[in-house]
Amino acid sequence: MAIAKIEGVRVSGIASAVPDTLRPVADFDETFGAEDVRRISQSTGVERRGVAAPELCCSDLCYAAAKRLLEDLNWDPATVDGLIFVSQSFDFSSIPATSCILQMRLGLPKSCAAIDIALGCSGYVYGLWVAAGMITGGGLRRVLLLAGDVSRATSPSDRSTALLFGDAGSATAVEKDSAGSPFVFQLGTDGSGWMNLVVPVGGQSSRHPRDSTTCVRKQAEANNFRSPEELFMDGAEIFAFTLREVPSLVSGVLATAGWNKEEIDYFVFHQANKFMLTHLAKRMKLPLQKVPFSLKEYGNTSSASIPLTINSELGDIISTQPLKMLMAGFGVGYSWGACTTILGPMVAPPIILVNKSEAWLC
Amino acid sequence: MDEKKFLTDMEDLLELDPGTLDCATELESTERWDSLAFVSFLAVADSNYGVNVAPKELQQCKTVGDLMQLLSK
Numbered sequence: 046m047a048i049a050k051i052e053g054v055r056v057s058g059i060a061s062a063v064p065d066t067l068r069p070v071a072d073f074d075e076t077f078g079a080e081d082v083r084r085i086s087q088s089t090g091v092e093r094r095g096v097a098a099p100e101l102c103c104s105d106l107c108y109a110a111a112k113r114l115l116e117d118l119n120w121d122p123a124t125v126d127g128l129i130f131v132s133q134s135f136d137f138s139s140i141p142a143t144s145c146i147l148q149m150r151l152g153l154p155k156s157c158a159a160i161d162i163a164l165g166c167s168g169y170v171y172g173l174w175v176a177a178g179m180i181t182g183g184g185l186r187r188v189l190l191l192a193g194d195v196s197r198a199t200s201p202s203d204r205s206t207a208l209l210f211g212d213a214g215s216a217t218a219v220e221k222d223s224a225g226s227p228f229v230f231q232l233g234t235d236g237s238g239w240m241n242l243v244v245p246v247g248g249q250s251s252r253h254p255r256d257s258t259t260c261v262r263k264q265a266e267a268n269n270f271r272s273p274e275e276l277f278m279d280g281a282e283i284f285a286f287t288l289r290e291v292p293s294l295v296s297g298v299l300a301t302a303g304w305n306k307e308e309i310d311y312f313v314f315h316q317a318n319k320f321m322l323t324h325l326a327k328r329m330k331l332p333l334q335k336v337p338f339s340l341k342e343y344g345n346t347s348s349a350s351i352p353l354t355i356n357s358e359l360g361d362i363i364s365t366q367p368l369k370m371l372m373a374g375f376g377v378g379y380s381w382g383a384c385t386t387i388l389g390p391m392v393a394p395p396i397i398l399v400n401k402s403e404a405w406l407c
Numbered sequence: 020m021d022e023k024k025f026l027t028d029m030e031d032l033l034e035l036d037p038g039t040l041d042c043a044t045e046l047e048s049t050e051r052w053d054s055l056a057f058v059s060f061l062a063v064a065d066s067n068y069g070v071n072v073a074p075k076e077l078q079q080c081k082t083v084g085d086l087m088q089l090l091s092k
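Residue numbers (the working numbering), protein chains in the order written: chain A, 46 to 407; chain B, 20 to 92.
What the hints contain is simulated information worked out from the structure, not anything from laboratory work. A hint or two may mislead.
For lysine to aspartate or glutamate, the following DMTMM-like pairs were computed, each having C-alpha atoms within a straight-line distance of at most 25 Å [as the list claims (entries may be wrong)]:
id	chain 1	residue 1	chain 2	residue 2
1	A	K327	B	D31
2	B	K75	A	E282
3	A	K327	A	E92
4	B	K81	A	E266
5	A	K341	B	E34
6	A	K319	B	D31
7	B	K75	A	E290
8	A	K319	B	E34
9	B	K92	A	E92
10	A	K319	B	E50
11	A	K319	B	D53
12	B	K81	A	D81
13	B	K75	A	E92
14	B	K92	B	D53
15	A	K327	B	D65
16	A	K341	B	E47
17	B	K92	A	E282
18	A	K306	B	D65
19	A	K335	B	D65
20	B	K81	A	E282
21	A	K327	B	E30
22	A	K327	B	E34
23	B	K75	A	D279
24	A	K330	B	D65
25	B	K92	A	E290
26	B	K81	A	D279
27	A	K327	B	D53
28	A	K327	B	D21
29	A	K263	B	D65
30	A	K263	B	E47
31	A	K330	B	D31
32	A	K319	B	E30
33	A	K263	B	E50
Let the hints inform the model, and build the full structure from the sequences given.
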């Protein structure tokens, strides 16, 4: 069973980065009509979102966050012996792993272990679990966990996804510390929901490779137009899935930790959309002032959404004092994970803005 | 099931004036029965009626009365 209590590690800092091009959802007024855009935005909670210029990859956003974090922590890159890149948007379609490129760009030593993990909404919690395990069981001392996505696979003519996702990258410093607070994890998977959040076609060795017709946008449902190379999301199925799984995930991880929900300072959820999170919070009887949101400014930022929310909403407080945290991510896969621990005081700089001139040139 | 209360819930959800809906109303005829309303209905079913509705069953509903049936199961 994927339930674990891990001791002997701590998170020393978190940094998050977004493109310096934050676009208002009103950009879509002409395509969808201002009234529809208003309704969608009211439901999702997204008013602006980071939209990366074509030159920028997810790794560039994560790189900027990692650079800043290493500086603020005063960590010599030579002391980092593990790097994890959690993403669904890689530098190359399959070969080589983006984590290898980031090892080089960040100047990490050749004695550093580097791996990619291909997860989205649940990816940050999975990344923390792998990082903690690498340190307590894998012989490492300092691990950089980089997580994020650049969501370029959405169709600009599909109202279920076009105004929702934002681009962001994050970096989390995890290190060995015998005095660190315990981390409790609960993870899960239900692959039977794979078809409800999927890019059906693409990649040379994929199930459905591209051909000359797969880039053509066709009417999908209602007034949505999308090609099979673009992201499909069945919002109702995803919502039903979270109702099924998230309340028991949250109560399960709390039970393993031996904590009750009243003593948690903040519940930092994957920023799926405001309607869903508000409903889940109400259903689990969580006070909304303990459930921070970064959706309004940055959109749904996939695996970066938990660290981004910590930097944007809790940065000042977590820099100076310890907080009892519950973090939970759930979605694409379906895949989900939750973690409780005490975070802070730690390095938590304000959100970093990344210009397209910072893209890696190769 | 309190039919009057259900109709009020549905009028709220579809942003309609009170008394606009009855059980025979075709969902297609209401302007707001779209994917956002689907998700709102799942939420109302969960919080007001304690029912977990499967989205596939929801898609098969043609009238307001069909929706009420889903919640009475």
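Here is what the structure says about each hint:
Distance check on the hinted pair: K327/A and D31/B sit about 19 Å apart at the alpha-carbon level, within 25 Å; holds. Proximity of K75/B to E282/A is assessed by CA-CA distance (about 8 Å); at most 25 Å being required, the pair is judged to hold. Restraint check for K327/A and E92/A: the C-alpha separation of about 23 Å stays at or below 25 Å, so the hint holds. Restraint check for K81/B and E266/A: the C-alpha separation of about 17 Å stays at or below 25 Å, so the hint holds.
With a CA separation close to 23 Å, the supplied pair K341/A and E34/B stays within the 25 Å bound. Using a Cα cut-off of 25 Å, the hinted pair K319/A and D31/B holds, with the two alpha carbons roughly 19 Å apart. Distance check on the hinted pair: K75/B and E290/A sit about 18 Å apart at the alpha-carbon level, within 25 Å; holds. For a cut-off of 25 Å, the pair hint linking K319/A to E34/B stands: about 19 Å separates their Cα positions.
For the hint pairing K92/B with E92/A, the CA-to-CA distance comes to about 38 Å; that exceeds 25 Å, so the pair is violated. Only pairs whose Cα atoms come within 25 Å are accepted, and K319/A paired with E50/B is accepted, the gap being roughly 23 Å. For the suggested pair K319/A and D53/B, the alpha carbons sit about 18 Å apart, so the restraint of at most 25 Å is met. Annotation: proposed proximity of K81/B to D81/A holds, straight-line Cα distance about 23 Å (limit 25 Å).
Annotation: proposed proximity of K75/B to E92/A is violated, straight-line Cα distance about 30 Å (limit 25 Å). Restraint check for K92/B and D53/B: the C-alpha separation of about 23 Å stays at or below 25 Å, so the hint holds. In summary, the hint linking K327/A to D65/B is supported, as the alpha carbons are separated by about 11 Å, within the 25 Å threshold. For the hint linking K341/A to E47/B, the alpha-carbon distance of about 31 Å lies beyond 25 Å, and the restraint is violated.
Only pairs whose Cα atoms come within 25 Å are accepted, and K92/B paired with E282/A is accepted, the gap being roughly 20 Å. Taking the CA atoms of K306/A and D65/B, the gap is about 21 Å. The hint holds against a cut of 25 Å. Taking the CA atoms of K335/A and D65/B, the gap is about 22 Å. The hint holds against a cut of 25 Å. Straight-line distance between C-alpha atoms of K81/B and E282/A comes to about 19 Å, which keeps the hinted pair within the 25 Å bound.
Proposed proximity of K327/A and E30/B is supported: the alpha carbons are some 22 Å apart, at most 25 Å. Our distance criterion of 25 Å between C-alpha atoms is met by K327/A and E34/B, whose separation comes to about 22 Å. Taking the CA atoms of K75/B and D279/A, the gap is near 11 Å; set against the 25 Å cutoff, the hint holds. Among the hinted pairs, K330/A with D65/B is consistent with the structure: their alpha-carbon atoms are about 14 Å apart, no more than 25 Å.
Pair hint K92/B plus E290/A holds up; C-alpha atoms about 22 Å apart against a cutoff of 25 Å. Under the criterion of a C-alpha separation no larger than 25 Å, the hint pairing K81/B with D279/A is consistent with the structure, at around 20 Å. Proposed proximity of K327/A and D53/B is supported: the alpha carbons are some 24 Å apart, at most 25 Å. For the suggested pair K327/A and D21/B, the alpha carbons sit about 23 Å apart, so the restraint of at most 25 Å is met.
Restraint check for K263/A and D65/B: the C-alpha separation of about 34 Å exceeds 25 Å, so the hint is violated. For the given pair, K263/A sits about 22 Å from E47/B by alpha-carbon distance, which is consistent with the 25 Å threshold. Distance check on the hinted pair: K330/A and D31/B sit about 23 Å apart at the alpha-carbon level, within 25 Å; holds. Distance hint between K319/A and E30/B is fulfilled; the C-alpha atoms sit about 22 Å from each other, no more than 25 Å.
With a C-alpha separation of about 23 Å, the suggested pairing of K263/A with E50/B holds against the 25 Å cut-off.
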